[in-house]
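Enquirer: Could you build the full structure based on these sequences and the hints that come with them?
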Amino acid sequence: MNAYLKYLRQGIGLLFFITLTLSFLGISIPIIYTATWFQFIPSVLKFLTIATAVGFVVIILLTLLVGRVYCSFVCPLGILQDIISRIAKKFRKQKIYRYSVPHNYVRYGLMAAVLVSLLSGSIMALLLLDPYSFYGKIVSGLFRPGFITANDHLSKWLESLHIYIAPIGLKNFSLFTLIWSSVLFIVIILFSYRRGRLYCNTICPVGTLLGIISRLSVFKIRMKSSVCTRCGKCSSVCKSECIDIRDQKVDFDRCVGCFNCLSVCPENALTLVPDYTRKPTPEKDTNNRSRRLFLEIVATGVIGTSIAASLKAQNHNTSHSNKTPIRRKHTVTPPGSVSLDHFTAHCTACQLCISQCPTHVLKPSIRKYGLTGLLMPYMSYSESFCNYECTVCSQICPTGALLPLTVDRKKNASDWKSYFY
Amino acid sequence: MRVVVKPNIGWDKTPEYAANTNPLLVKRIVEHCLQAGAKEVLVFDNTCDQWQRCYSNSGIEKAVKDAGGKIIPGNNEGYYHPVNIPGGKRLNQTKEHEAILESDVFINVPVLKSHGGATLTIAMKNMMGIIWDRGYWHRNDLHQCIADFASYRKPTLNVIDAYRVMKQHGPKGVSLSDVTTMKALIVSEDIVAADAAAAKLFGLNPSDVDYIRIAQKWALAI
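Note that the protein sequences, when read in sequence, are chains L and S.
Residue numbering for the first sequence follows this note's numbering, starting at 1 and increasing by one per position.
Residue numbering for the second sequence follows this note's numbering, starting at 1 and increasing by one per position.
For the record, the hints were derived by calculation from the structure and aren't laboratory data.
Possibly wrong hints are sitting among the right ones.
[What the hints assert, rightly or not] Only pairs whose alpha carbons sit at most 30 Å apart, straight line, appear in this in silico DSSO-like list of lysine-lysine: (1) L:Lys156 - S:Lys62; (2) L:Lys411 - S:Lys172; (3) S:Lys167 - L:Lys411; (4) S:Lys154 - S:Lys39; (5) L:Lys6 - L:Lys224; (6) S:Lys62 - L:Lys171; (7) S:Lys39 - S:Lys65; (8) S:Lys172 - S:Lys183; (9) L:Lys156 - S:Lys167; (10) S:Lys65 - S:Lys172; (11) L:Lys410 - S:Lys172; (12) L:Lys156 - S:Lys154; (13) S:Lys62 - L:Lys410; (14) S:Lys172 - S:Lys62; (15) S:Lys62 - L:Lys411; (16) L:Lys220 - L:Lys249; (17) L:Lys410 - S:Lys154; (18) S:Lys172 - L:Lys171; (19) S:Lys65 - L:Lys156; (20) S:Lys183 - L:Lys156; (21) S:Lys89 - S:Lys172; (22) S:Lys95 - L:Lys171; (23) L:Lys171 - S:Lys70; (24) S:Lys70 - L:Lys156.
[Claimed, not checked] According to the in silico footprint, chain L covers these stretches of chain S (three or more CB under 8 Å from chain L): (25) 52-66; (26) 135-144.
[As the list claims (entries may be wrong)] Examples of chain L residues lying across from chain S (beta carbon under 10 Å, computed): (27) Thr149; (28) Asp152; (29) Lys156; (30) Glu159; (31) His162; (32) Tyr164; (33) Ile165; (34) Ala166; (35) Pro167; (36) Gly169; (37) Pro358; (38) Thr359; (39) Tyr388; (40) Glu389.
Note that this is a predicted model, so its numbers are computed, not measured.
Even for Gly, the Cβ is constructed at its ideal location relative to N, Cα and C.
Expert: Right, here's the structure in full:
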């Protein structure tokens with residue numbers, strides 16, 4: 001039973017991971033719609049405009065049932081870190097993980113920063129920190145150009161043998177995106193090379209939020225101190241470094257639900273059990289402290305928000321009006337983006353539309369939308385064109401920054417009008 | 001025998017819009033080639049819209065596969081090799097798809113359509129889908145280039161699809177009201193005669209179409 005949970009995690013995790021990876025490489029896979037529907041931040045954002053995007057509610061309910069399994073089953077960045085740690089284990093000296101204390105100031109501080117940023121109407125923090133979009137940038141920005149180049153060379157070579165595979169063609173390639181994505185990839189490698197899921201438990205706002213929710217989980221991983229022999233096997237396989245052998249405690253806040261510990265415990269001292277009893281523990285004090293800290297941060301956030309919101313309101317007069325411009329003063333957003341305001345308020349620059357665009361007309365922006373719109377897609381007509389009958393980007397957008405278009409609706413959109421002057 | 005069937009698959013449009021060759025016609029031609037003993041039947045076009053969407057939405061990809069033929073891409077410059085056109089007036093050199101260069105039989109299967117730049121697109125104009133740099137033709141007297149290329153490459157057989165005919169707003173068309181049903185087919189070994197007959201069927205005098213006039217004057221007809 002215990003080992004079974006680990007295999008279930010590996011199976012479902014790989015399904016999500018492979019689907020998302022292939023999609024970000026530019027391959028069209030129908031189940032991508034399901035895979036992105038469950039992604040937490042995109043789902044929250046899409047829910048703001050489309051009420052059926054309730055994937056995040058499912059994730060919250062799941063967290064309330066068994067904890068942060070999202071991080072190990074669904075999140076592509078989490079699974080990427082598992083893969084890196086697994087490979088790194090062969091090379092690094094220290095083969096095991098050890099318990100470490102949480103970095104609460106950083107965790108809650110960053111989550112508060114995201115909240116403040118969101119409530120003040122800027123998506124900047126999510127654009128940088130949403131784990132799904134983080135992973136998208138790595139694959140689409142760094143691995144996709146390599147994949148396309150390799151495919152096209154292979155296609156050229158096979159062609160001499162009269163075997164035809166389709167060349168893709170690298171269009172609207174952005175060197176800046178390649179460098180940016182490489183930096184992100186290196187950051188993730190540095191975090192996960194020795195320390196497993198340190199990133200998820202320190203930087204990731206989704207991890208922090210689900211961690212708070214998981215305090216209320218029905219099922220929790222608990223250690224039976226009467227059975228435990230303190231052999232330390234569980235702690236040595238815990239990527240979250242959250243099993244404290246000395247005090248025989250599991251910091252369930254930071255548990256990502258990989259279930260590795262359950263499968264290695266020789267005494268079955270670790271179990272996923274209903275957590276009815278909330279026994280007072282010596283740890284309660286520190287618990288309270290972190291709760292107080294959290295409340296303080298949220299309070300700061302609310303005050304900061306109101307200030308930021310007023311700043312935003314002042315700025316609003318000078319911002320873009322959504323009428324069709326005759327002379328293009330603004331960047332052309334992808335089809336289905338409603339307006340510049342709607343688009344830049346919902347896009348987390350996950351790069352899925354850029355990867356999936358069949359004509360590669362979409363290009364990640366550097367300064368077209370300002371720095372807060374880093375790597376958001378825009379229509380770059382210098383190297384390609386938008387296929388008139390195609391609505392792929394609007395259909396596939398997981399955050400609702402692009403809303404689904406029908407072909408007829410797209411054809412009637414003002415993008416396609418010509419002005420002569 | 002290596003056979004290449006070259007329909008018009010230029011546009012991301014479904015068959016009823018008649019922007020591409022009728023998939024049923026392509027299917028039947030591929031079947032006949034295989035029955036007649038062809039070793040391999042290849043089908044491709046250098047499309048205008050995104051090629052994968054053109055191949056699938058035109059219905060031709062499925063038709064070819066169902067018939068046992070092979071549909072190959074035409075979207076990479078690497079497939080095209082330089083050829084000289086000794087008799088060309090404006091077009092002396094271009095790059096032609098290797099499938100054509102290596103073929104024993106080349107069957108040209110255009111659809112009859114109106115065309116904004118070339119008046120009509122029929123068999124000679126359909127040859128623009130076997131070369132790489134179409135833009136050069138558009139920039140350098142389209143009609144002369146079409147005639148020039150026809151002096152170099154003569155298909156084994158031309159089969160003109162005039163079952164559904166796009167009478168206006170070509171080459172892409174806007175709505176179904178651009179399309180009329182003629183249920184006609186023109187088959188000829190002579191590409192200029194085939195185009196002339198198709199122009200007449202369309203309701204134009206062949207000399208109204210510049211490239212037919214030029215080609216006819218040059219006596220390109222066999």
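Enquirer: Taking the hints in turn, state whether each one holds.
Expert: Each hint, compared with the structure:
For a cut-off of 30 Å, the pair hint linking lysine 156 (chain L) to lysine 62 (chain S) stands: about 24 Å separates their Cα positions. Of the supplied pair hints, the one linking lysine 411 (chain L) and lysine 172 (chain S) holds, its CA atoms being roughly 14 Å apart against a limit of 30 Å. Straight-line distance between C-alpha atoms of lysine 167 (chain S) and lysine 411 (chain L) comes to about 22 Å, which keeps the hinted pair within the 30 Å bound. The suggested pairing of lysine 154 (chain S) with lysine 39 (chain S) holds, with an alpha-carbon distance near 22 Å, which does not exceed 30 Å.
A C-alpha spacing of about 20 Å is found between lysine 6 (chain L) and lysine 224 (chain L), which places the hinted pair at or below 30 Å, so the restraint holds. Only pairs whose Cα atoms come within 30 Å are accepted, and lysine 62 (chain S) paired with lysine 171 (chain L) is accepted, the gap being roughly 28 Å. Among the hinted pairs, lysine 39 (chain S) with lysine 65 (chain S) is consistent with the structure: their alpha-carbon atoms are about 15 Å apart, no more than 30 Å. Taking the CA atoms of lysine 172 (chain S) and lysine 183 (chain S), the gap is about 20 Å. The hint holds against a cut of 30 Å.
The hinted pair formed by lysine 156 (chain L) and lysine 167 (chain S) fails the criterion: a straight-line CA distance of about 40 Å is larger than 30 Å. The suggested pairing of lysine 65 (chain S) with lysine 172 (chain S) holds, with an alpha-carbon distance near 25 Å, which does not exceed 30 Å. Distance check on the hinted pair: lysine 410 (chain L) and lysine 172 (chain S) sit about 17 Å apart at the alpha-carbon level, within 30 Å; holds. Taking the CA atoms of lysine 156 (chain L) and lysine 154 (chain S), the gap is near 27 Å; set against the 30 Å cutoff, the hint holds.
Annotation: proposed proximity of lysine 62 (chain S) to lysine 410 (chain L) holds, straight-line Cα distance about 27 Å (limit 30 Å). The straight-line distance between the Cα atoms of lysine 172 (chain S) and lysine 62 (chain S) is roughly 21 Å, inside the 30 Å bound, and the hint therefore holds. Distance hint between lysine 62 (chain S) and lysine 411 (chain L) is fulfilled; the C-alpha atoms sit about 27 Å from each other, no more than 30 Å. Under the criterion of a C-alpha separation no larger than 30 Å, the hint pairing lysine 220 (chain L) with lysine 249 (chain L) is consistent with the structure, at around 12 Å.
Annotation: proposed proximity of lysine 410 (chain L) to lysine 154 (chain S) is violated, straight-line Cα distance about 41 Å (limit 30 Å). For the hint pairing lysine 172 (chain S) with lysine 171 (chain L), the CA-to-CA distance comes to about 25 Å; that is within 30 Å, so the pair holds. Our distance criterion of 30 Å between C-alpha atoms is met by lysine 65 (chain S) and lysine 156 (chain L), whose separation comes to about 22 Å. Of the supplied pair hints, the one linking lysine 183 (chain S) and lysine 156 (chain L) is violated, its CA atoms being roughly 41 Å apart against a limit of 30 Å.
The suggested pairing of lysine 89 (chain S) with lysine 172 (chain S) holds, with an alpha-carbon distance near 29 Å, which does not exceed 30 Å. For the hint linking lysine 95 (chain S) to lysine 171 (chain L), the alpha-carbon distance of about 22 Å falls within 30 Å, and the restraint holds. Taking the CA atoms of lysine 171 (chain L) and lysine 70 (chain S), the gap is near 27 Å; set against the 30 Å cutoff, the hint holds. Restraint check: the Cα-Cα separation between lysine 70 (chain S) and lysine 156 (chain L) comes to about 18 Å, which is no more than 30 Å; the hinted pair holds.
Requiring three or more residues with a Cβ within less than 8 Å of a Cβ of chain L, the coverage given for the region 52-66 of chain S holds, as 3 such residues are present. Taking a C-beta to C-beta cut-off of 8 Å, the region 135-144 of chain S contributes 0 residues in contact with chain L, too few for the three needed, and the coverage statement is violated. Against a cut-off of 10 Å between C-beta atoms, the interface hint on threonine 149 (chain L) is violated, since the closest Cβ of chain S lies about 13 Å away. A distance limit of 10 Å between C-beta atoms decides the matter here; for aspartate 152 (chain L) the minimum to chain S is near 7 Å, and the interface restraint holds.
The beta carbon of lysine 156 (chain L) is positioned within 10 Å of a beta carbon in chain S (closest approach about 5 Å), and the interface hint is therefore held. Nearest Cβ of chain S to the Cβ of glutamate 159 (chain L): about 7 Å, under the 10 Å cut. The hint holds. Interface hint status for histidine 162 (chain L): upheld, as the beta-carbon distance to the closest one in chain S is roughly 8 Å, under 10 Å. The closest approach between the C-beta of tyrosine 164 (chain L) and any C-beta of chain S is roughly 4 Å, which is under the 10 Å cut-off, so the hint is satisfied.
Hint status for isoleucine 165 (chain L): holds, given a least beta-carbon distance of 8 Å to chain S, under 10 Å. For alanine 166 (chain L), the interface hint holds, the least distance from its beta-carbon to any beta-carbon of chain S being 5 Å, beneath 10 Å. Here the hint on proline 167 (chain L) is kept, as its CB sits about 4 Å from the closest CB of chain S, short of 10 Å. A cut of 10 Å between beta carbons decides the hint on glycine 169 (chain L): the least distance to chain S is about 7 Å, and the hint holds.
A least Cβ separation of about 5 Å between proline 358 (chain L) and chain S falls short of the 10 Å threshold, and the interface hint therefore holds. For threonine 359 (chain L), the shortest C-beta to C-beta distance to chain S is roughly 5 Å, which falls under 10 Å, so the interface hint holds. About 7 Å separates the beta-carbon of tyrosine 388 (chain L) from the nearest beta-carbon of chain S, less than 10 Å, and the hint is met. With 10 Å as the threshold, the beta carbon of glutamate 389 (chain L) comes within range of chain S, its nearest partner Cβ sitting at about 4 Å, so the hint holds.
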